[in-house]
Amino acid sequence: NAGVMQNPRHLVRRRGQEARLRCSPMKGHSHVYWYRQLPEEGLKFMVYLQKENIIDESGMPKERFSAEFPKEGPSILRIQQVVRGDSAAYFCASSPLDVTAINTEAFFGQGTRLTVV
Amino acid sequence: DQQVKQNSPSLSVQEGRISILNCDYTNSMFDYFLWYKKYPAEGPTFLISISSIKDKNEDGRFTVFLNKSAKHLSLHIVPSQPGDSAVYFCAVRGADGLTFGKGTHLIIQP
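Those sequence lines, one after another, are chains A and B.
Counting in the numbering used here, the first sequence runs from 1 upward without gaps.
Counting in the numbering used here, the second sequence runs from 118 upward without gaps.
Keep in mind that the hints are not guaranteed to be accurate.
As the list claims (entries may be wrong) - Using 27 Å as the maximum straight-line C-alpha spacing, the simulated BS3-like pairs for lysine-lysine come out as follows:
| hint | chain 1 | residue 1 | chain 2 | residue 2 |
| --- | --- | --- | --- | --- |
| 1 | B | K188 | A | K51 |
| 2 | B | K185 | B | K171 |
| 3 | A | K27 | A | K44 |
| 4 | A | K44 | A | K62 |
| 5 | B | K188 | B | K171 |
| 6 | B | K219 | A | K62 |
| 7 | B | K185 | A | K27 |
| 8 | B | K122 | B | K185 |
| 9 | A | K44 | B | K185 |
| 10 | B | K219 | A | K44 |
Worth flagging that the hints you see were computed from the coordinates, not collected in a lab.
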């Protein structure tokens, strides 16, 4: 049973380009969470998705950032017109159930390190 | 305003001794508490958790203690081993999901 898979592991983008980060949850997990870790910071919640639905996007910047989790395929975190401040490690986690509803933990992928040059 | 605080950015412990990592939280409504361990360039991995109805949970060398009145959580590692060198994140679960602290970098010295 493969863990949470994120790709690419490293992504370099020039300012103004688009970044697409992919996350395939663990088998049987339908709940996906995206976190961002800035240098010297902890993990900041961005968005919580279930299949085809955004449940909570309170941590997402209002502009340029979007996320989806289609019925088929991985969850995608999309950052349009990237700026230097978007450089960070982006982690995806998945869980079999809503992590707020029952005693379950989220399992993390290895992350995508985005560098904006 | 930080809901979860790990006040020690780093901690150095001699191999074989006890490592104690601390975490303070602000909201008494949090009902589930977790510790994650993270190596460089890897994602966090779940380590141990505790429900608010308990005050202690033990798993091998790892024990988590919960003091609800003080809103304080701690992770004890006994004995500490070189492979324990990593960043440890405390996380709390509330209505908004998981909230993480900034992490404590544990360094185990030989």
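Query raised in the report: Looking back at the numbered hints, which does the structure fail to meet, lowest number first?
Result: 1 and 7
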